[in-house]
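Protein chains: 2
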Amino acid sequence: MFHMTSAAQDALTRTISRSPWHGWGDPADAHPLPDRSWTMLRRELGVTRRPQPTRPVALEDVRLPESRLAPDDLAALRAVVGTAYVHTDRLARVEHAAGKSYLDLRRLRDGDAADAPDVVVTPADATEIEQLLSVCRDRRLAVVPFGGGTSVVGGVTGSPGPFAAAVSIDLRRLNRMLSIDPVSRTAVFQPGMRGPDVEGALRPHGFTLGHYPQSHQEATIGGYVATRSAGQASTGYGRIDELVLGATLATTEGTLRLDMRAPASAAGPRLLDLVVGSEGALGIITEVTMAVAPMPSQTAYAALAFPSFGEAVEGLRSLAQDLPHGIRPDVVRLSDPDETRVSLGLAGRAGQALAAYTKARRLPAACLVVLLWEGNDARTLRERKAASWEVLRRAGAVRMPSAIAHAWEKGRFSGPYLRDELMGHGVLVETLETATSWANLVALHDRVAAAIRAVSADQGVPVIVQCHVSHVYPTGASLYFTVVAPEAADPLAQWRAVKTAATAAIVAGGGTVTHHHAVGTDHVDGLAAEVGELGMRVLRAVKDTLDPTGILNPGKLVR
Amino acid sequence: MFHMTSAAQDALTRTISRSPWHGWGDPADAHPLPDRSWTMLRRELGVTRRPQPTRPVALEDVRLPESRLAPDDLAALRAVVGTAYVHTDRLARVEHAAGKSYLDLRRLRDGDAADAPDVVVTPADATEIEQLLSVCRDRRLAVVPFGGGTSVVGGVTGSPGPFAAAVSIDLRRLNRMLSIDPVSRTAVFQPGMRGPDVEGALRPHGFTLGHYPQSHQEATIGGYVATRSAGQASTGYGRIDELVLGATLATTEGTLRLDMRAPASAAGPRLLDLVVGSEGALGIITEVTMAVAPMPSQTAYAALAFPSFGEAVEGLRSLAQDLPHGIRPDVVRLSDPDETRVSLGLAGRAGQALAAYTKARRLPAACLVVLLWEGNDARTLRERKAASWEVLRRAGAVRMPSAIAHAWEKGRFSGPYLRDELMGHGVLVETLETATSWANLVALHDRVAAAIRAVSADQGVPVIVQCHVSHVYPTGASLYFTVVAPEAADPLAQWRAVKTAATAAIVAGGGTVTHHHAVGTDHVDGLAAEVGELGMRVLRAVKDTLDPTGILNPGKLVR
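The listed protein sequences derive, respectively, from chains A and B.
Start counting the first sequence at 1; every next residue gets the next number (my numbering).
Start counting the second sequence at 1; every next residue gets the next number (my numbering).
Careful, some of the hints might be misleading.
[Stated by the list, open to error] With a straight-line Cα cutoff of 25 Å, these simulated SDA-like cross-link-like pairs (lysine to any residue) come out:
| hint | chain 1 | residue 1 | chain 2 | residue 2 |
| --- | --- | --- | --- | --- |
| 1 | B | 385 | A | 379 |
| 2 | A | 385 | B | 375 |
| 3 | B | 385 | A | 323 |
| 4 | B | 385 | A | 380 |
| 5 | B | 385 | A | 60 |
| 6 | A | 385 | B | 389 |
| 7 | B | 385 | A | 376 |
| 8 | A | 385 | B | 386 |
| 9 | A | 385 | B | 376 |
| 10 | A | 385 | B | 383 |
| 11 | B | 385 | A | 327 |
| 12 | A | 385 | B | 323 |
[To be verified] Counterexamples of contact, computed for chain A against chain B with all Cβ distances above 12 Å:
| hint | residue |
| --- | --- |
| 13 | 50 |
| 14 | 66 |
| 15 | 70 |
| 16 | 75 |
| 17 | 83 |
| 18 | 138 |
| 19 | 140 |
| 20 | 177 |
| 21 | 205 |
| 22 | 270 |
| 23 | 273 |
| 24 | 281 |
| 25 | 346 |
| 26 | 440 |
Keep in mind the hints are simulated off the structure, nothing from the lab.
Where is the CB? At the ideal position from N, CA and C, for every residue including glycine.
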């Protein structure tokens, strides 16, 4: 049990510099991989550290199409927001060319910005957004809403689709908390607030949103809602779709206002659930009303291990089913044997000690579990921790040093930095996720992992396929895969083959095509498989109503 | 703390006879009002017990339009389900003429069945439903889906709208649990299972749905999902929209299959939330996948009182915000001063004693609170009860005899019987409900009550307006009003005036137009006020996609 360290708190509220166009985050926060990690990568993948990592091409060498925006279109945009907020310079366009997937960064690092928008506009408020949508509808300009730009599914690529030009509407100036109701524990936010800004605005009032995806430091609250996001602590605080209570959606046909009137309603189908997950294809979210929670001051940590993935899954199932929400941990992470092995391998001497430890305890397929509980009362936290331990002990867990949980927390946002570094040494790093019922979880895990391994074997490429369960529910859980492999001659084709095989395995295996990464361009076919032809007709009908010209985020969510 | 009595368990699983066409439930379960209640009604409303209660007109005297169904339409329906399952007799048509609102029963008791459907069909399965929808679409026959027939908002009235005739599709033969997954704690049901049947099917497996609206003994699980129902224990087990994980919707354009693939997904807008609350206007639900919970064996009971409604609301807010879900009570009911007074008045000697008790404790505006906790472990129940008591004591609660909570449980499904009896003596009994944020709850309560009192004063009619809070959430709660008044010369106009005034007060006061009764015909305008013109266009677009001919439940949900 620890009072929350200022370092841990800072990580949640510290605003960092925006990511460079070719990578992630603030370079000052990157920590190079130590030698021991490279030793492991060489052993497992035959990958060696290059003497000089390959750098992204220089900005001036990026292949950027000429802006297709007509002068009168440019003038019309300037008339809405003012000349200072309409950007056609090379940097702005390249920064808005893509999100932050491996595919996006691979292409950008190699100088391919073919998908850059023709112009970037930064409106001041909802009114300017409504006006911009009118202008773009009348002039048939594609609109790509842009929050933090952290999509990993192609959700913000700036291609115009069938339209003459594409306008990226960057929401960074809509960055205020508009109101807070401490009695009802709700707050209203503009969409462009980044994760740390949201926490920074809530903290003086004693509240938190409790929403920390790995993209937290860069992603925006509007993006969370638009993509049905889940965060690292969503087992405790709830997914974004459980936290959102109202939203305003500016569309080309007017503004859809779904105010929070009540915590729950029987007034027909819940239209708010069309806004949540709308991914900029139905409109631009200009305001969200969120449930907030008391800001915790203390954290309890635990790490433990199970002898096998199957037993560990049963343990987490007990945790989710036998302990009430609010008692079970706020953060639950179970690594499968591959992720456990790699994590311990990357952890250096401490990792070697732990590996020896699991060996001594006869855990050859050991699975690490990291648990965090947050709150304001040490006794309650102790009781919650004891209750979880009791459940997991009965399921076969053994204790591990809680330093592992601290280490996880310290590195909770560092994954993307690591990927940037690995890409400089010719390593492909891809993540993908799904969710399914408890009864189907292990089978789906094995099926997806096998599909990725099979396609990599076909390519003659060694691969690490590791997975964790990071969100548990009474009826099921998520699976989050990380794929690491040496880049083949055509890394884009290599990526596509892996992605296609994994998606096919997920769909055929009964999982959802995405648990929290959203649809973007990558999962458009998967979504259709999931909701069927009639489901897609319904979605299309909603889009045709709110965006009859089809200018909103063309190619994303629905074709 | 008590092991659940067999009487309490029986009430949840005992299948009762279907309601008569003019009233509620099994007449054998009705308990006539005692003298003391009539004394109170005379004192408060000037209402006296009639020597002979007015009886509903005889079935043969009900004014029933000739069936408008053409012979070839009749033959086409028979070809799908078989002659034995197509009913055009007087009783079947009158039984399907309406739901169970005051308005419905007032009209039927007086012999007005103008809204009766022209034919009642009872299909065997989903395939027959799909075929029936094809036939009705091709022949332009209105379709009214009918589950338990317990709508109190005009959701099942059998009028054909702009079509030649209306077909009531009664789902009573789709009454099986199709599968259960005890590992994931989910089960799949056909839509026509009534509440007790659902519990009866789950109990041998050790599970419960935990969904007990007052209509439990008559209503169906398909109806629950179609109306976004909430039950008396939904504070504990969750609203139906929190329990439903998948659904199949037969429509005139094909079948929308939204299987449960995962406990949560980011695969676009959640289309399942269009099925939940679709009220038969988008299709007929033929299958639902629900989360189920371990069947409890023990119940803890508590009753307490607050000095004022405002303090009681603050107490319930603390309960909802400070205690985790799963710790706080499963049933929470707070009666406002009027409902408390009437409840104690109706409770006879025990009530007089309690009234004296609250007086002695200087609680002139006392508000009763009833709490139930359910579970399988006595120690946990004791701890949960102690935690709630601690929160409420700090908020100003005083203990009352827990017999009050037992009495509530015993009478939990008895309200509609009481209404039947009162209607026989010329008394109007109407219920309506809303929900809003905690910050707005007392203001909305006062506003709605004042609006009903004002319109009654305009009519020169005394009135009892009582209210309870029965569903609490971290961000707000529900308000459930019961209106009791002597019937005026034109009780239908009287009802309409009350309903119109209450709805206007709810909409203007920032509440939702319905927390769990759904839209039906009564709240069509309220829904439009709530989601706005663009929201209604979205809903209409969805309907046009799934029901382009508009035959599904015309006049309900959307015009």
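How the hints compare with the structure:
1. 385/B x 379/A: holds (18 Å)
2. 385/A x 375/B: holds (21 Å)
3. 385/B x 323/A: holds (17 Å)
4. 385/B x 380/A: Holds, because 16 Å separates the two Cα atoms, which is no more than 25 Å.
5. 385/B x 60/A: Roughly 68 Å separates the two Cα atoms, so the pair is violated.
6. 385/A x 389/B: Within the cut-off at roughly 24 Å; holds.
7. 385/B x 376/A: Status holds; Cα separation ~21 Å.
8. 385/A x 386/B: holds (20 Å)
9. 385/A x 376/B: Distance ~21 Å between residue 385/A and residue 376/B Cα, so the pair holds.
10. 385/A x 383/B: holds (17 Å)
11. 385/B x 327/A: Given that 25 Å is the threshold and the Cα spacing comes to 16 Å, the pair holds.
12. 385/A x 323/B: Since the Cα atoms of residue 385/A and residue 323/B sit roughly 17 Å apart, the hinted pair holds (cutoff 25 Å).
13. 50: Non-interface label on residue 50/A holds, nearest chain B Cβ at 36 Å vs cutoff 12 Å.
14. 66: Answer for residue 66/A: holds, closest chain B Cβ roughly 34 Å.
15. 70: Nearest chain B Cβ is 30 Å from residue 70/A, so the label holds.
16. 75: holds (29 Å)
17. 83: Since the minimum Cβ distance to chain B is about 32 Å, residue 83/A lies beyond 12 Å and the statement holds.
18. 138: holds (18 Å)
19. 140: Since the minimum Cβ distance to chain B is about 21 Å, residue 140/A lies beyond 12 Å and the statement holds.
20. 177: With a cut-off of 12 Å, residue 177/A remains clear of chain B, as the shortest Cβ separation is near 17 Å.
21. 205: holds (14 Å)
22. 270: It is violated; residue 270/A is separated from chain B by about 4 Å at its closest Cβ, not greater than 12 Å.
23. 273: violated (4 Å)
24. 281: violated (9 Å)
25. 346: holds (28 Å)
26. 440: violated (8 Å)
When the structure is compared with the earlier hints, violations turn up for hints 5, 22, 23, 24 and 26 and for no others.
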